[in-house]
Amino acid sequence: MDKSKFLSRIDLFQKLSTEELMQIEPIAPMNTIKKGTIIASPQHGGKLLYLVKSGMVRLYKLSEGGKELTVDLLRVGHIFGEIGSFTISSENMYAEAWEDCVICTINKPQFEQLMREKPELALHFIEIISTRLKEVEEMMEHMAYGSVRKRLLYLLHKLSEKFGSGFSMGENEDTDRKWIELEVKLTHQELASMMGSIRETVTEQLTELAAEGIVSKEGQRKPLRVHPERLKMAWDACR
DNA sequence: ACATTAAAGGGGT
DNA sequence: ACCCCTTTAATGT
Numbered sequence: 001m002d003k004s005k006f007l008s009r010i011d012l013f014q015k016l017s018t019e020e021l022m023q024i025e026p027i028a029p030m031n032t033i034k035k036g037t038i039i040a041s042p043q044h045g046g047k048l049l050y051l052v053k054s055g056m057v058r059l060y061k062l063s064e065g066g067k068e069l070t071v072d073l074l075r076v077g078h079i080f081g082e083i084g085s086f087t088i089s090s091e092n093m094y095a096e097a098w099e100d101c102v103i104c105t106i107n108k109p110q111f112e113q114l115m116r117e118k119p120e121l122a123l124h125f126i127e128i129i130s131t132r133l134k135e136v137e138e139m140m141e142h143m144a145y146g147s148v149r150k151r152l153l154y155l156l157h158k159l160s161e162k163f164g165s166g167f168s169m170g171e172n173e174d175t176d177r178k179w180i181e182l183e184v185k186l187t188h189q190e191l192a193s194m195m196g197s198i199r200e201t202v203t204e205q206l207t208e209l210a211a212e213g214i215v216s217k218e219g220q221r222k223p224l225r226v227h228p229e230r231l232k233m234a235w236d237a238c239r
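In terms of full-length UniProt numbering, the first sequence is numbered consecutively and its last residue is 239.
Simulated from the structure, these hints should not be mistaken for lab results.
Below 25 Å or equal to it, Euclidean Cα-Cα: the simulated DMTMM-like pairs (lysine to aspartate or glutamate) are: (1) K61 / E91; (2) K178 / E212; (3) K15 / E161; (4) K232 / E208; (5) K67 / E96; (6) K35 / D100; (7) K67 / E200; (8) K162 / E218; (9) K53 / E181; (10) K134 / E120; (11) K162 / E181; (12) K15 / E120; (13) K47 / E20; (14) K47 / E91; (15) K67 / E82; (16) K222 / E200; (17) K34 / E183; (18) K53 / E82; (19) K53 / E183; (20) K15 / D100; (21) K53 / E120; (22) K35 / E68; (23) K178 / E161.
Note that this is a predicted model, so its numbers are computed, not measured.
Build out the structure end to end from the sequences listed, making use of the hints.
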């Protein structure tokens, strides 16, 4: 089994609450980052903690062949980076501005002072790390042994939890209300990179799922929609 | 890997 | 603002 598949995961980080953000923001320099900019990389090594204030950040690793493995997509309130031995993500991680972003940075002295002044925050950081561990284990379990279809179903489920929004197509509320729209711009390539598969396979599988009424899309570069109930049925059916 | 198609961008009117 | 053309990115096989 390809080792990189084990690294795929989603929703790694728990968000900070708005109150906690208020506590941190005053001491953290804020930067506007343009879409596509690399915010942090293994080379930087600049021991900083980053906090997403707006926009979306993509975390990824590079595999041997230089292929990108998307590890997570972060939004407002998510944190990433490392300071000294305090590491929120694994090492060798790249962070890219997926959209135009506003990012706050915290250095080690600031971070340590903050932890002393606000023990609740320190506790929350511990929770975040624990949650991450749990998520990693759960994702490993699902990505390690399942078929591509099963992994894709699971990924779609996680994505709809994280990015899903209620959605209605029109008059027929009873059936239409059941669709969830994923509020992220995800290409087949992206999905593949999150589940340790290849683009072609994802395309193929998505076409199947669309035929089964589990997913739908209006067109290229349009948001993907999933039908949670049918998704669950399909999931139950393939074990 | 190649072919197709849809969408974004740029220039001119 | 609108139309048309070029270019690029996404998808399909």
